[in-house]
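Here the protein sequences line up with chains A and B, keeping their order.
The C-terminal residue of the first sequence carries number 95 in the working numbering, and the numbering is unbroken.
The C-terminal residue of the second sequence carries number 408 in the working numbering, and the numbering is unbroken.
Calculated from the structure, these hints are not laboratory results.
Small disclaimer: the values here were computed from a predicted structure and weren't measured.
Wrong hints could be hidden among the right ones.
Below, in silico cross-link-like pairs of lysine-lysine (DSS-like), each with a Cα-Cα straight-line distance of 27 Å or less [as the list claims (entries may be wrong)]:
#1 B:K275 x B:K305
#2 B:K251 x B:K160
#3 B:K118 x B:K322
#4 B:K322 x B:K310
#5 B:K201 x B:K310
#6 B:K201 x B:K322
#7 A:K22 x B:K199
#8 B:K341 x B:K275
#9 B:K201 x B:K341
#10 B:K251 x B:K310
#11 B:K305 x A:K78
#12 B:K322 x B:K199
#13 A:K22 x B:K251
#14 B:K341 x A:K22
#15 B:K118 x A:K16
#16 B:K322 x B:K251
#17 B:K201 x B:K275
#18 B:K199 x B:K310
#19 B:K275 x B:K160
#20 B:K341 x B:K118
#21 B:K160 x A:K16
#22 B:K310 x A:K16
#23 B:K305 x B:K322
#24 B:K199 x A:K78
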Amino acid sequence: MIKEHLDLYEVFIRGKRGLDHKHVGSLHAEDPEQALEYARDIYTRRGEGVSIWVVRSRDITASQEDDSEAFYDPSNDKPYRLATYYRLPDEVNNM
Amino acid sequence: MTEDELEQAFYRRIENEEKIEPKDWMPEGYRQNLIRQISQHAHSEVIGMQPEGNWITRAPSLRRKAILLAKVQDEGGHGLYLYSTAETLGISRAEMIEALQSCKAKYASIFNYPAQTWADVGAIGWLVDGAAIVNQVSLQRTSYGPYSRSMIRICKEESFHQRQGYELMLTLCRGTEEQKAMAQDALNRFYWPALMMFGPHDSESAHSAKSMQWKIKRESNDDLRQKFIDQTVPQIEFLGLEHPDKDIRWNEERGHYDHGEIDWDEFYRVISGNGPCNRQRIQHHIRVHEEGAWVRDAMSAYQQKKRQRAQAA
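The shape of chain A in the complex, shown without the other chains:
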């Protein structure tokens, strides 16, 4: 019965040195070490990546798309944060 309730882990893989770790999927495991081994077996069979992160899913705090108005609305009316907002003559437009 206990096996039914293994923790869920999220798996992140760094494809190449210098790149960010990217989420690739999830799996069940007893503990973080086991999750790392499973992640290697499941997600890197073709040599994908140079480094794996595993994080217990319940340790992730996430915003929801339903919240996006409250989260992102305040920046929608601030186009002056973008370089394209500033019109400069062609002679000096390369900055």
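Using the hints provided, position chain B relative to the given structure of chain A.
Leaving out everything else, chain B in the frame of chain A:
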């Protein structure tokens, strides 16, 4: 692997243009050099909020105020990215802040100059951010992965900083005689300190050789400075302002502008603590840090209370 083998593997990665990541073995000197450079970079972002922040309440229009506010907010965010990047090397945020406040750590000496007029806000965006961007574009190729990634993010966000500054200058230069004179005065005061931002000549630079060998830095101080000088000449001409460097001349053979010598006495005076605003900048940082202590205390007390309630339930 033995220490020697680890070191060889490290240098092979540097040689092959591969990034070094936080959990990799790295020489102690590489780690210390990075901590010094990245924390100094972070301090510069945060201290740099002061001269411009001084003008937020006095911006001449709501549009200019909103722009300046967004820019200063960006600098705070960039300081945070960089402190976090330095923390991946095993130093704590508190240690870095302590080093800044006790003047053991440096920051870009340009921020020890005051922003005296509204035109200074334009000159800072155009020249100071412009110089910083030249440096940061080069640092996108730095060998330490997290530093490289924060530079990419920062460059992307900062692209508006220089343009808003130049646009402000252009507006002044197309305005009244007084406004144009104000722009000229700001250019005269900020041009030389902006050139100093690239640091001493390569031959005089204490950390440069090692940093270049480790590929922490990718281009020398003098090369980056030349790039900035070259790009700035046509920008000054377009504004119709006078170039502050009377020796500036195109050199056909080099394909670059020749320029006058920087006042290095001034550079060393300001960087060693005796610029116009050094003490004011640090005092302000300490004061704000102390005045904000109650917020941090309140948050931690609230966390403790929540934990206790959860335990009791």
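Consistency of the hints with the structure:
1. B:K275 x B:K305: 44 Å, violated
2. B:K251 x B:K160: Satisfied, since the Cα-Cα distance of roughly 22 Å is no more than 27 Å.
3. B:K118 x B:K322: Status violated; Cα separation ~35 Å.
4. B:K322 x B:K310: 19 Å, holds
5. B:K201 x B:K310: 21 Å, holds
6. B:K201 x B:K322: 24 Å, holds
7. A:K22 x B:K199: 38 Å, violated
8. B:K341 x B:K275: 19 Å, holds
9. B:K201 x B:K341: 31 Å, violated
10. B:K251 x B:K310: 22 Å, holds
11. B:K305 x A:K78: 43 Å, violated
12. B:K322 x B:K199: 31 Å, violated
13. A:K22 x B:K251: Satisfied, since the Cα-Cα distance of roughly 20 Å is no more than 27 Å.
14. B:K341 x A:K22: Violated, because 53 Å separates the two Cα atoms, which is more than 27 Å.
15. B:K118 x A:K16: Satisfied, since the Cα-Cα distance of roughly 15 Å is no more than 27 Å.
16. B:K322 x B:K251: 19 Å, holds
17. B:K201 x B:K275: Violated, at roughly 34 Å.
18. B:K199 x B:K310: 25 Å, holds
19. B:K275 x B:K160: 21 Å, holds
20. B:K341 x B:K118: 51 Å, violated
21. B:K160 x A:K16: Outside the cut-off at roughly 42 Å; violated.
22. B:K310 x A:K16: Answer holds: K310 of chain B to K16 of chain A is near 19 Å, not above 27 Å.
23. B:K305 x B:K322: Measuring from Cα to Cα gives roughly 22 Å; hence the hint holds.
24. B:K199 x A:K78: 38 Å, violated
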